[in-house]
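Peer 1: Each chain is listed here by its residues.
Protein chains: 2
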Amino acid sequence: MAQTLGFIGLGIMGRPMAKNLLKAGYPLVVHSRSKGPVEDLTTAGARAATSPKAVAEQVDVLITMLPNSPDVELVALGRQGIVEGARSGLLYIDMSTISPIASQKIGKELAARGVRMLDAPVSGGERGAIDGALSIMVGGERATFDVALPIFQAMGKTITHLGPLGAGGFTKLANQIIVAVNLTALGEALTLAKKAGLNRELTLKALGGGLAGSRCLDQKTPNYLSNTYQPGFKVDLHFKDLGLIMESGRALGVPLPTTALVQELFAALRTRGRGGLDHSAVITLLDDLASGT
Amino acid sequence: MAQTLGFIGLGIMGRPMAKNLLKAGYPLVVHSRSKGPVEDLTTAGARAATSPKAVAEQVDVLITMLPNSPDVELVALGRQGIVEGARSGLLYIDMSTISPIASQKIGKELAARGVRMLDAPVSGGERGAIDGALSIMVGGERATFDVALPIFQAMGKTITHLGPLGAGGFTKLANQIIVAVNLTALGEALTLAKKAGLNRELTLKALGGGLAGSRCLDQKTPNYLSNTYQPGFKVDLHFKDLGLIMESGRALGVPLPTTALVQELFAALRTRGRGGLDHSAVITLLDDLASGT
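If you read the protein sequences in the order shown, they are chains A and B.
Position 269 of the first sequence, counting from 1, maps to 269 under my numbering, and the rest follow consecutively.
For any residue, its number in my numbering is found by taking its place in the second sequence, counting from 1, and adding 293.
Please keep in mind that the hints were generated in silico from the structure rather than gathered at the bench.
Possibly wrong hints are sitting among the right ones.
Taking CB as the label site, the calculated pair distances span [claimed, not checked]:
| id | chain 1 | residue 1 | chain 2 | residue 2 | range |
| --- | --- | --- | --- | --- | --- |
| 1 | A | LYS108 | B | THR586 | 27 to 37 Å |
| 2 | A | PRO255 | B | ALA341 | 47 to 57 Å |
| 3 | B | PRO443 | A | THR271 | 47 to 57 Å |
| 4 | B | SER584 | A | ALA44 | 44 to 54 Å |
Note that the structure is predicted; figures quoted are calculated from it, not measured.
In this text, a Cβ means the ideal position worked out from N, Cα and C, and glycines have one as well.
All chains should be built: construct the whole structure from the sequences, respecting the hints.
Peer 2: This is the structure:
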């Protein structure tokens, strides 16, 4: 008989991920702050529960997909939280992007109650979540990973076990460094090219053919050509991740000068009211600087 | 009858490029400061000339591949320079990576003598030069580009006309922004991952599968895994390019905050005696910062 799964956090990412678990045939218990997504999931065959505790009481494996570390701490360890409903043997998988240090702390507290935990943040965006094509970066015991693998396969395509609890989160943060900094580099390069009078389409084509080529350049080319920056992945969320990155760098003793600068540029984007745009919109700040606005 | 070509500057890049022109059947006149490469080329069928002026007197199309703007200015406009030997109708192609503003100035002076000029910097490194597989970014009149195209095709694979004189150079500088900044991002990300205890090979694999994927990551993976940084493209040369980039940014009124920071990190690498390493060695500086050395 299939394991019963729980899913808490039915936002832009969580909702399609949970739907893919239903499609794969898993009995599913869900909980979320917003009513709409819960109704959507119950219509599709899930059962609703009134609290994280109530979910934990009914399932073999519990997944969370929440905005940030405090949300996960509250849901996992707070009043009416997972810890209150968990029986020994529960498998808990947090797929949010949070502080890996927070993940390790939560895992330690849950382990004392016999709960095994994996951290498994994802990359691939809403599209990847809908298509079940996410890249899933997993930290935790190898044996626990093996148990969870079929569940991950219902949501993602590239599934990598990277090490002990927190390793998934650290890998995701490394990913977010590269993406934010590379988007900023693209912003500076294309702004220089624009002021030099170059045609943007030709420039992107020439850049994409050489060592400057990247998935960021490929994926964001339509934004750069139309000069519109609908998300995609929001500046606000990437700014949150940059905060987690700097916090981790401080905790581990890793100075991150370029990431720190890019964090400030993202902060400036937000003060200009562009936190809701796609993260590739960092180019608009550089364009402002070059055009005196 | 094939046009007679001239080639000045037979360094790491120029020498194999000139050889590919000989292989394509062009009569070739060469000049270089070092004797070895000149003898190598004459053995292969080229004629040697004693000065840039002497080359210019004997050829239909003259190519230069030199370290930096002052070298090109001297060879083009100095004593015994191209300008002294050039007849009206000469086509001059500078394939060096220099200031596009200097290119435009040189082009203007040569145009007064009836010489047409293209700037055509390349990307692809020594390997690309040997294999005739360079990416060539060309600026200048379209009609002049069309005349030069068969010559470019003997040296490169991706050949793009980007706009008027200087457009090739500005595109190359945009390319160099992205590469230097992305290598620094990789350095910060992988240093954080290392201090978090992650396995580097697994991390690179997970990063390469998502939005952080890039040609830099792919090409430099062997360096990151072996922790050796044999060039490739030297820190010293990329540092020179970063200087050209900042100079162009200043001239065009484009603030480049991230590039400026990366320029300082490359400067710090050079003070540590690592200017001769591959540019991916910027990670070693970040590793030093994190390990207190």
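Peer 1: Now look at each hint and say whether the structure bears it out.
Peer 2: Here is how each hint holds up against the structure:
Restraint check, A/LYS108 to B/THR586: a C-beta distance of roughly 32 Å satisfies the suggested window 27 to 37 Å. In this structure the hint that A/PRO255 and B/ALA341 lie 47 to 57 Å apart at CB holds, the actual value being about 52 Å. A C-beta distance of roughly 53 Å is found between B/PRO443 and A/THR271, which places it inside the suggested range of 47 to 57 Å. With their beta carbons about 51 Å apart, B/SER584 and A/ALA44 fall inside the hinted range of 44 to 54 Å.
When the structure is compared with the earlier hints, no violation turns up for any of them.
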